[in-house]
Amino acid sequence: MSTRTYTTQPVVFPVQQKHPGQKYSRPYTVLGVLQILIGILSVILCGVSIGIIPNSTSAAQAAVGYIYYSIGSSIWYLVAGSLGVASGRNPSNCPITGALVVTIFAAIASGIMCLLESLTTVALNLVLTPGFFSLSSTTTLGPEEKDLVTKELAIHAVLAFLAGAQFIITIVHSGYCCAVNCCANKTYSGMVTGGTTVMMQNPVQMQAQPANDPSQAMEKGYGSPGY
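If you use this note's numbering, the sequence shown corresponds to residues 1 to 227, in order.
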């Protein structure tokens with residue numbers, strides 16, 4: 001009786017893994033909401049500043065270009081914040097990669113905006129300094145003009161603060177995105193089932209023959225039957 005051995009090949013079953021960005025879903029959401037709030041506040045303050053500028057002094061009117069740049073920067077804040085919220089709700093490669101790219105541009109825009117708004121704040125503060133106009137002309141600020149410049153100064157100071165906060169937030173946000181896209185372990189893993197060995201016995205087939213079979217007698221050398 002013979003035995004045959006059958007061995008099955010190991011089978012790999014892929015294991016469903018969590019996306020690396022899921023552990024950062026809460027930071028993505030919080031940072032995204034902060035960026036959206038900063039963007040909305042910046043747009044509102046820029047709108048108020050544009051409404052004040054026509055009635056303000058020439059020094060405040062000279063900063064109108066910075067206001068429009070601030071509005072453009074705020075759009076980057078809103079887009080980056082929206083992608084941050086999307087990354088928190090659905091951590092996947094698409095929104096996280098998009099947030100990484102947009103936050104880089106938002107960081108550049110906020111850094112420039114912070115610098116420009118800070119310079120504008122310093123310039124308006126000089127305008128309010130007693131004796132500033134006496135250095136170049138005999139023009140002095142009236143009570144109404146002084147009040148408008150003070151409001152402009154406050155608006156630009158807040159915009160400078162918001163831009164600085166946005167700069168820090170975008171750097172932190174891009175760091176979380178880079179931690180997933182650049183530093184995450186992307187090796188494939190799976191569960192391997194062991195091979196199985198099966199031993200089977202082959203049945204022996206036996207054929208019955210007559211006891212006085214003439215062919216067997218001839219094979220054994222007994223001669224022909226009947227002799």
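These aren't lab readings, by the way, just hints derived from the structure by calculation.
Among the hints, a few may not be true.
[Said to hold, decoys possible] Computed Cβ-Cβ distance ranges for the label pairs, DEER-style:
(1) Ile-44 to Asn-93: 32 to 38 angstroms
(2) Lys-23 to Leu-119: 18 to 24 angstroms
(3) Gly-47 to Asn-93: 32 to 38 angstroms
(4) Leu-128 to Lys-23: 48 to 54 angstroms
(5) Val-172 to Asn-90: 19 to 25 angstroms
Every residue gets a Cβ at the ideal spot worked out from N, C-alpha and C, and that includes glycine.
Structure-based check of each hint:
A beta carbon spacing of about 34 angstroms between Ile-44 and Asn-93 agrees with the range 32 to 38 angstroms that was offered as a hint. Remark: the range hint 18 to 24 angstroms for Lys-23 to Leu-119 is contradicted by a beta-carbon distance near 41 angstroms. Between Gly-47 and Asn-93 the beta carbon distance is about 37 angstroms. The supplied range of 32 to 38 angstroms therefore holds. Here the CB-CB span from Leu-128 to Lys-23 is close to 50 angstroms, well matched to the stated 48 to 54 angstroms.
Between Val-172 and Asn-90 the CB atoms are about 20 angstroms apart, so this pair conforms to the stated range of 19 to 25 angstroms.
Violated hints amount to a single one, hint 2; each of the other numbered hints is respected by the structure.
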